[in-house]
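A.B. asks: Residue strings, one per chain:
There are 2 protein chains.
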Amino acid sequence: MFTANGYYSQLQGNYLFSEIAKRVAVFAAAHPEADIIRMGIGDVTRPLVPAVISAMHRAVDEMGCAETFHGYGPDFGYDFLRSAIVNRDYRSRGIDISMDEVFVSDGAKCDVGNIQELFSADCRVAVMDPVYPVYVDTNVMSGRGGRFANGAYEKIVYMPASADNGFVPELPKDRVDVMYLCFPNNPTGMTLSRAQLKTLVDYAIKNRVLILYDSAYEAYIQEPDAPHSIYEVEGAKECAIEFRSMSKTAGFTGTRCAYTVVPKTLRYADSFGNEVSLNAMWGRRVATKFNGVSYITQRGAEAAYLDEGYREILGVVADYMENARIIRESLSRVGYTVYGGVNAPYIWLKTPGGDSWAFFDELLATHHIVGTPGAGFGRAGEGYFRMTAFATRENTLRAMQRVCGG
Amino acid sequence: MFTANGYYSQLQGNYLFSEIAKRVAVFAAAHPEADIIRMGIGDVTRPLVPAVISAMHRAVDEMGCAETFHGYGPDFGYDFLRSAIVNRDYRSRGIDISMDEVFVSDGAKCDVGNIQELFSADCRVAVMDPVYPVYVDTNVMSGRGGRFANGAYEKIVYMPASADNGFVPELPKDRVDVMYLCFPNNPTGMTLSRAQLKTLVDYAIKNRVLILYDSAYEAYIQEPDAPHSIYEVEGAKECAIEFRSMSKTAGFTGTRCAYTVVPKTLRYADSFGNEVSLNAMWGRRVATKFNGVSYITQRGAEAAYLDEGYREILGVVADYMENARIIRESLSRVGYTVYGGVNAPYIWLKTPGGDSWAFFDELLATHHIVGTPGAGFGRAGEGYFRMTAFATRENTLRAMQRVCGG
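Chains E and F supply the protein sequences, listed in that same order. Each residue of the first sequence is one higher than the last, beginning at 23 in the working numbering. Each residue of the second sequence is one higher than the last, beginning at 23 in the working numbering.
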């Protein structure tokens, strides 16, 4: 008799963005005349850049012609894309990552979720608090979360990061086996310095903890001291997997391309006592349960890494970061305490009064602006509120005009 | 201390197609003048049809323009594609499947692997023998395989299907909870009649077994009695999930689009005793670990479902099936016993002498043709050999000329 995985029933029902969508729908129904500006979900608004568009047109033409048609591609991605990635994102920064440590995929969210298949069942997981909900939910689904009580899952170790500790995650007091880190951080928009990241890497090496490093927002870093890759820190190739995405870098949220770096130096014991390579295991996982990314998409992604396309996407990033500056400075000027927005497209503001859902409701009712209440990202997110810099310039300016006056 | 999933170490090292590639490479190095014809791996050779190409060019243009740009799409696929799928593949055959039972993905192989996340840890799995290796390997990786001994995994139940039983899988003698079925079958190229499939559905309902029905090759069915969908059989919506792919239907092996049907009527107890809906669980899995298929790809897939594109892809399928006829009739004429190739692009021939790897080596050495030895698909595949109809017409004719003479 078939029995379903019971751990799904431990997931909390109201996924943050569904709850937001519901509240916005209720408000919009009651106020059909309201011109709502959305600065909640982190989706981009600028189109793909011309170099990417041209490359994809050429690839579509190739697919229509027997001589240049592409069937199954290499499971881990075409060499043309893997080498473009290695050159642009690693070699140019003096980091030694080889092509066979790079696995091209259709999304960092997929990889961040699927990577758990490499863990033994009893691995204990630590996450930052506030946290991108996917790290937590995927672990709950596989039984690593446990019951939910008092705003937290009992088996998960939370590392609070708030203004009180300068947004540097507190090291776990209990044993953990896996640690999720995200820098530049979603939702706080804050980064670590190399020295701060080094402390975490040293802790991981000492305790044989595997770090899952999500740097989906690295393209937004403006300050020189913030590391773009965890591999800029000595020792990280012995303890860390890195996830990168073209979603926010090149506007690929609807085009789907990302990659994961699994260094060959990552070797651990498995649950039967064999010494295993995580690079080989991930390769086997990808080859068995995935069939590669669309050829057309990979040609588009390649174009974003070559000189012309790269210049174009840097222009788009600069444009979003100008939105971030406008939001940060506007809110500061009228007395809000704001964090982030310097090396990330997210602004994390302290909510006057503390209650972040109350602030959400008030901002929507008074100014017709949608943001994301910090409480939705975990207990340490209460008292904060996230705004994104991904709206159009016009909407960003209008939103700030409403909140802060002329 | 991080510990890796030990079950990966139970996987057998030599993945079938890697072993084939290795033997071909050795032969090619020793005989650089040999003109090798590949009829091994099931990849297509014909380009995407014109209607799909036009639709993708239009979609690329939309992505380059702020007004028509698409960011994150709906997790389960755009309604334009889900409704095209429902109309073409189900309503047109009188099958009642609704749009919210269809989940668009980037590949049937991904879905077939990932669907296991909905199973409790102790589910017992049955597969056909010979079998598409992915069904087995993905279960081994999650601990449902057990140790490998005497050509089989100890925890997996094998259902032999050979000429002795007319390629109808033998019902399991032991308790099973999940049953993988693939029709038209890979590798045998054989199909079941509706009545034969009904016997399996009745068994599943009686024993509360969940059927995973892979019909990636349904577009190749030529005979009216072979069901295209398991839902043509009464009761199947109470016991079956169906996987479909555009890879072999529309030549999307390098473009990546597929879908999975999870009926809302699939309700089971979970491991904590709650009654759960597999449709809701799969929806949660997809929303948490996946971000949808590229907008461009989905517009291409839609075009393959609308009238013009559909006519074009039927033409391509007919062309491959003419290859299948040529292979089947040529081999029969010179005395081979052949199966399949009538409702599927695979020909399954009895190897003279029995040993399928010996036949592989001989065919490569004598005629410079690559096929797939049946033993690679499981114990019941020994004594058989698979050839595919996906080569070009010219190569198919040349291969048959070499084997069968003029």
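To be clear, the hints were calculated from the coordinates, so they are not data collected in a lab. One should not assume that every hint holds.
[What the hints assert, rightly or not] Listed next, with one range per pair, are the computed distances between beta-carbon atoms:
id	chain 1	residue 1	chain 2	residue 2	range
1	E	Lys195	F	Tyr225	49 to 59 Å
2	E	Asp57	F	Lys177	40 to 50 Å
3	E	Phe294	F	Arg401	18 to 28 Å
4	E	Lys44	F	Lys286	41 to 51 Å
Even for Gly, the Cβ is constructed at its ideal location relative to N, Cα and C.
A.B. asks: Run every hint past the structure and note whether it holds.
C.D. replies: Evaluated hints:
{"no.": "1", "hint": "E:Lys195 - F:Tyr225: 49 to 59 Å", "in the structure": "holds, 53 Å"}
{"no.": "2", "hint": "E:Asp57 - F:Lys177: 40 to 50 Å", "in the structure": "violated, 60 Å"}
{"no.": "3", "hint": "E:Phe294 - F:Arg401: 18 to 28 Å", "in the structure": "holds, 25 Å"}
{"no.": "4", "hint": "E:Lys44 - F:Lys286: 41 to 51 Å", "in the structure": "violated, 22 Å"}
In this structure, the hints that do not hold are numbers 2 and 4, in rising order.
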